[in-house]
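With chain P's structure known, arrange chain D on it following the hints.
Here the protein sequences line up with chains P and D, keeping their order.
If you read the first sequence in our numbering, its first letter stands for residue 2, the second for the next number, and so on.
If you read the second sequence in our numbering, its first letter stands for residue 61, the second for the next number, and so on.
In case anyone wonders, no lab produced these hints; they're calculated from the structure.
Take these hints with a grain of salt, some might be off.
[What the hints assert, rightly or not] With a cut-off of at most 25 angstroms between alpha-carbon atoms, the simulated PhoX-like pairs for lysine-lysine come out as follows:
1) P/Lys83 x D/Lys365
2) D/Lys179 x D/Lys196
3) P/Lys273 x D/Lys179
Values in this document were obtained by computation on a predicted structure and should not be read as measured data.
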Amino acid sequence: MLIFINDYLIHGIVIGSIYALGAVGVSLVFGNLRFANFAHGSLMTIGAYFALAIMHNTGLPIMLALPLAMVLTGLLCVGLDKAFIRPFRASATIIPLIASFGLALMIQSAVQMIWGPGMHAYFPGQITRPVEIIEGLRVSPRHMWMVAAALLFMLALHLLLTRTKIGKAMRAMADNAELARLTGIDTERVIVATWLIAGALACAAGVMLGLDTQLRPMMGFELLLPIFAAAIVGGIGQPYGAMAGGLLIGIAQELVSYSWLGTGPLISPSYKEGVAFAIMVLVLLIRPSGIFRGRVYS
Amino acid sequence: MDPALYGYMLYGISLLTVGGIYAILVLGLNIQWGMTGILNVGIAGFFAIGAYTGAILTTPPSPNHLGGFGLPVPVAMVTAMVLCAIIAWMVARLCIRLRADYLAIATIGIAEIFRLVIKVEIWATNGARGIHRIPKPFEGLPEPMNQIAFMLMILGIVLVLYLLLERAFNSPWGRVMIAIRENEPAAKAAGKDSDKFRTQAFVIGCAIMGLGGALMSQYLKFISPAATEPLIATFLVWVMLIAGGSGNNRGAILGAFLLWTIWSGTEILAGWMARMGLIGSDMLTQVSYLRVFLIGLLLQIVLQKFRGGLVPERRVPMKAK
Chain P
2 MLIFINDYLI HGIVIGSIYA LGAVGVSLVF GNLRFANFAH GSLMTIGAYF
52 ALAIMHNTGL PIMLALPLAM VLTGLLCVGL DKAFIRPFRA SATIIPLIAS
102 FGLALMIQSA VQMIWGPGMH AYFPGQITRP VEIIEGLRVS PRHMWMVAAA
152 LLFMLALHLL LTRTKIGKAM RAMADNAELA RLTGIDTERV IVATWLIAGA
202 LACAAGVMLG LDTQLRPMMG FELLLPIFAA AIVGGIGQPY GAMAGGLLIG
252 IAQELVSYSW LGTGPLISPS YKEGVAFAIM VLVLLIRPSG IFRGRVYS
Chain D
61 MDPALYGYML YGISLLTVGG IYAILVLGLN IQWGMTGILN VGIAGFFAIG
111 AYTGAILTTP PSPNHLGGFG LPVPVAMVTA MVLCAIIAWM VARLCIRLRA
161 DYLAIATIGI AEIFRLVIKV EIWATNGARG IHRIPKPFEG LPEPMNQIAF
211 MLMILGIVLV LYLLLERAFN SPWGRVMIAI RENEPAAKAA GKDSDKFRTQ
261 AFVIGCAIMG LGGALMSQYL KFISPAATEP LIATFLVWVM LIAGGSGNNR
311 GAILGAFLLW TIWSGTEILA GWMARMGLIG SDMLTQVSYL RVFLIGLLLQ
361 IVLQKFRGGL VPERRVPMKA K
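Next up, chain P with everything else stripped away, as it sits in the complex (with noise of 0.2 angstroms):
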């Protein structure tokens, strides 16, 4: 029981709090732009590298850092869609779609153009022990942190979304963005906002990648399927349902690796990513709305 849950539940509720992380983008771009962003996962690796920037530039610690590449990472999302998704807005969604597509490749390249194609670590050489919690359970502490910083940005969009006057209309456009409009909401200010949160949301995601196990230029784009099947399992446009989606995903990937019958594993370790993209398929197939009712785009 201890090994199932050192080896596997702990390590899929880590990676699932990554991909509730990045959802949560991925599911209010889709809400309220109304296109499937394939650049979220080179989002989460630009943001990556540029907490990594920040403290090897300044010697900040990771604690000042992180909002920083935050921060940054959202206003880089909010000229990215000026530029290259703004023009599209009256286009079917395809053509977005496309758009994003080809601005992650350009994200992806430009890492690997200033930052090179090699690896990076926020902390190189150190390595951090799990700490025995109760008798037998053994965590590590950064795992720990991580889970804390993910239901701390969780609980923080909770009261965006719920208390402020910019996340109820953002709610109020994913729900019916004609109708939004006509109420008199400022639709191009919401979608700022989302952007920012967006953004902001997948670069916390990739520095957790990043101190997970090390920053790759292809890191967040080999996370955009994992974290689409989150936004869908969870229902689109639902914040909540995506950060349900990631956690499930997560654990779901971790778990079928389990030796549930006999010794061996049930499903080898390396179809863990195709677990992810099976439960998409799915989901996609026999409940598109997703587990919390998402709405279904035609």
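What follows is chain D alone, placed relative to chain P:
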């Protein structure tokens, strides 16, 4: 012959050969997206299935991977197409009713599952190390005749496909496809089973992509998961179609050759700049990323300024009977 001139000739041959293989992939996508409006972002998956099917059926026996069937190359090419068609039909059965963005996400997810299987099932595919010694048609001929013959075969296939697709586009069948792309409810109201037609377009397009994959593995004489990365097998094909002119077969072919010339030309330009001392040789990898950046930017410019591409679709007005 002057060795420099000979080198340029070989380069020209390789440009036309690979450009031709890309033209085949782009024509396949043009049936799906240009004609019917199916957003398939899983080209790499069918490209990989075609490439590995061709490779496994034709290579000599090897302890590292499945093989030793020693089938003739044309048989392998046809099998690759048929297998891709069957798999595409199964995918379409599941997914074709999904619309726009959802279909895009599903196809890229399914393609990545295919690529994952290829990476993981080492007994069949030799994993990341890939399959070597893939037979290439005409390789028995003396240099450079073998390369010229292979190039002519590719260009011949492009021509045949072009003629077939032109007929398809201008047939009643093609007009149904375009009607579905333009206004699906109206096409349905006119009694057209749109899911059936979309499935047909998806299956035919994917079979052509499988053929492209088999030809690429023959050209390279080697296939590995790295050669089926979405960047080169999906993204580049999409930019070629959009830049060339989606919905227009000539545009699709032109886009393939043009983009491939830019893509491979920037590599040569970078090498030349390094030799001239304009950039340090340590900059070479950096420059290869710059070209991905520039191709991405080119896509944005085409999308914003030349939505129809270089050769926009021709809309032939219907004549009254």
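Right, here's what the structure says about each hint:
Between the alpha carbons of P/Lys83 and D/Lys365 the distance comes to roughly 15 angstroms, so the proposed pair stays at or under 25 angstroms and holds. About 24 angstroms separates the Cα atoms of D/Lys179 and D/Lys196, which keeps this hinted pair within 25 angstroms; it holds. The straight-line distance between the Cα atoms of P/Lys273 and D/Lys179 is roughly 13 angstroms, inside the 25 angstroms bound, and the hint therefore holds.
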